[in-house]
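Chemist: Can you make the complete structure from the sequences, with help from the hints?
Sequence order for the protein chains is A and B.
Per my numbering, the very first residue in the first sequence carries number 462; after that it's consecutive.
Per my numbering, the very first residue in the second sequence carries number 2; after that it's consecutive.
It cannot be assumed that every hint is accurate.
Quick list of in silico lysine to aspartate or glutamate cross-link-like pairs, EDC-like style, CA-CA up to 16 Å [as the list claims (entries may be wrong)]: (1) A:555 - A:519; (2) A:555 - A:517; (3) A:548 - A:618; (4) A:467 - B:162; (5) A:499 - A:550; (6) A:466 - B:162.
These are computed hints drawn from the structure, not numbers from a lab.
One-letter residues, chain by chain:
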Amino acid sequence: MSPAKKLAIVIVLQFLVLFSVLAFKQYTVWTSETVLLKLQPADLRDFPRANDATVEYEISRLDRTSIAWDESAGTCCGMPVYVELQKQDDGLWKAIAAHDSHTHTVDGTVLIKGRAQGEYLYQGQTVSVYYGIEDVFVPEGSASQLPTGRDHTIAVEVKVDRFGNATPRHFVVDGQQVDLSRR
Amino acid sequence: MDDEEYRERLAHDVATWTRGGLISAEQEGAILARAGAGAPRAVGILRLGWFVTAVSIIGALVLAGGVVLLFASQWDTIPTWLRTGSIFAGMLAAYGAGYALIYRFDMQRVGSALLLLGVLLYEAALFLLAEIYNMPGTPVDSPLLLLLAAVGALPLAYLFESRIVLLLGILNTTGWVVAELAMRYPDSPKSESVMIAVGAFGVALYAVGQLHALRPSIAPFSAVYRFAGLLVLLALVYAFTFDEIWRQVIDSGVKAYSTPAVVYATIGLAAALVAVQTLVRARDTEMSIDIGAQAVLLAVAAVVATWPGWSGYSLVFNAIYFAIAAALVTSGYLHGDERFINLGLAVVGLGLITRYIDVFWSMLAGSAFFIIGGVLLLGVAFAIERMRSGLIRGMSVPRGDGGATRGATP
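Modeler: The following block contains the structure:
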């Protein structure tokens, strides 16, 4: 095989990988349900200067006694768990159940896949769940454009595909999309 | 290894031997003349090749870092299409220039460095595109991106026989294994014991290196795999020499037989590679010891994975750590390879210093700790230097079997 052909194979393979990553991502965005997930009350001034802000959602800690938690659904150790989300009157989505498989119990709900990290026994039956959407893009130096304090409802618009994979899109403050720009 | 590369390496090695007093300047000249390295001026030019290689690789690394920093600093001001297009164009330019330099202008070293730059830009592209299209936290998450980086790097390494790109690919794969395990089992009682899979992965890399040595076309990659495997293995064994880790495992209440299947799958994969060696490698004493050591390491990994809650493991891993160091020194001595001797002695030194700090930090007053430590270090350095000199002198004496000294002519 000539060196030119070898190089062509390498370049085609690498471009295929790169385009596959982009295509998978776009497919997820185009075919996904859009849900609005409320953040835990926190002082957003603590956001780092880096490009990602680590956030915690209300569904990041789930009380097993307040939602329908399947016996077989994982509660720790990175076990997969499918959390069933239902839209509320205020437009925000809340957890109503947790399953060990991709199963809807109510029409119109969305299942988001997470990994159970463990129980907070001192807080009753609260289970910490990691969804992989905890890092939200924040342009460097723009975190100050987000309001602070507890007087605002801060949420993140998240796309969830039919397999439960989720992608954070942008912040929503008091129902309004926030387009952050570099300062 | 082609003739030119061999002569360059020989020129580099004999210069080291001359500086170390092992051979005279006349003997150096005679060796090089015998190997066809030519006049002293030509030898100097040959040695310059190593310098060009080093500068080229550093240049590729610095340039790739600069590109990433440029994108990071101008994040919002560059339109998305331009960012994406620039990344792809940069890759194509690096590969095109590398190809032209190697095959049109016969500049192998700088051309190879540009191929390395192309791979680095590809890997940067994976992460930059994830940022540009806001992908963090998706199934296309960073551990998987590391695996995809390896998928793009390894074919280039094999097709263009690039050891530095192979090392990069192995680094990506190892990073993926570690990150995947850390992500799947974060802050759980299983976290520490699950990492035993990394040790098995190190053994697997080493075994792959031994199998590469059997085929001349890929034999140059053997040392890269073995070196990478040893480093991965040593890093894990070193971490497991601390008894604090095992106390945490016991305190966390992790139970026997609770290790995830992925750990046993990794050990099984490594065991299969060890078994293949028994079938295809030439049977001699060294091969038996080598394969036996790999099998013992995997057996220890399986025991630790199954029954992780025992405080005595730190002693076991200390023994393994120093046994690997001794094996490195012995292997370097038997094969006349100074690099393995130096690596083994460095491993011994690190182990001794670590244990000294580990044991005496809380037992001695600050001044006594440093005074005694300094004296001990000087003593250890004296002993190691003396041993190293003896070993290298021993390597320079022709042995009866006649096959061990590198560069020996029939």
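Chemist: Decide, hint by hint, whether the structure agrees.
Modeler: Hint by hint, here is what the structure shows:
1. A:555 - A:519: Holds, at about 8 Å.
2. A:555 - A:517: 14 Å, holds
3. A:548 - A:618: 13 Å, holds
4. A:467 - B:162: 11 Å, holds
5. A:499 - A:550: This hinted pair holds, its Cα atoms lying about 13 Å apart.
6. A:466 - B:162: Within the cut-off at roughly 15 Å; holds.
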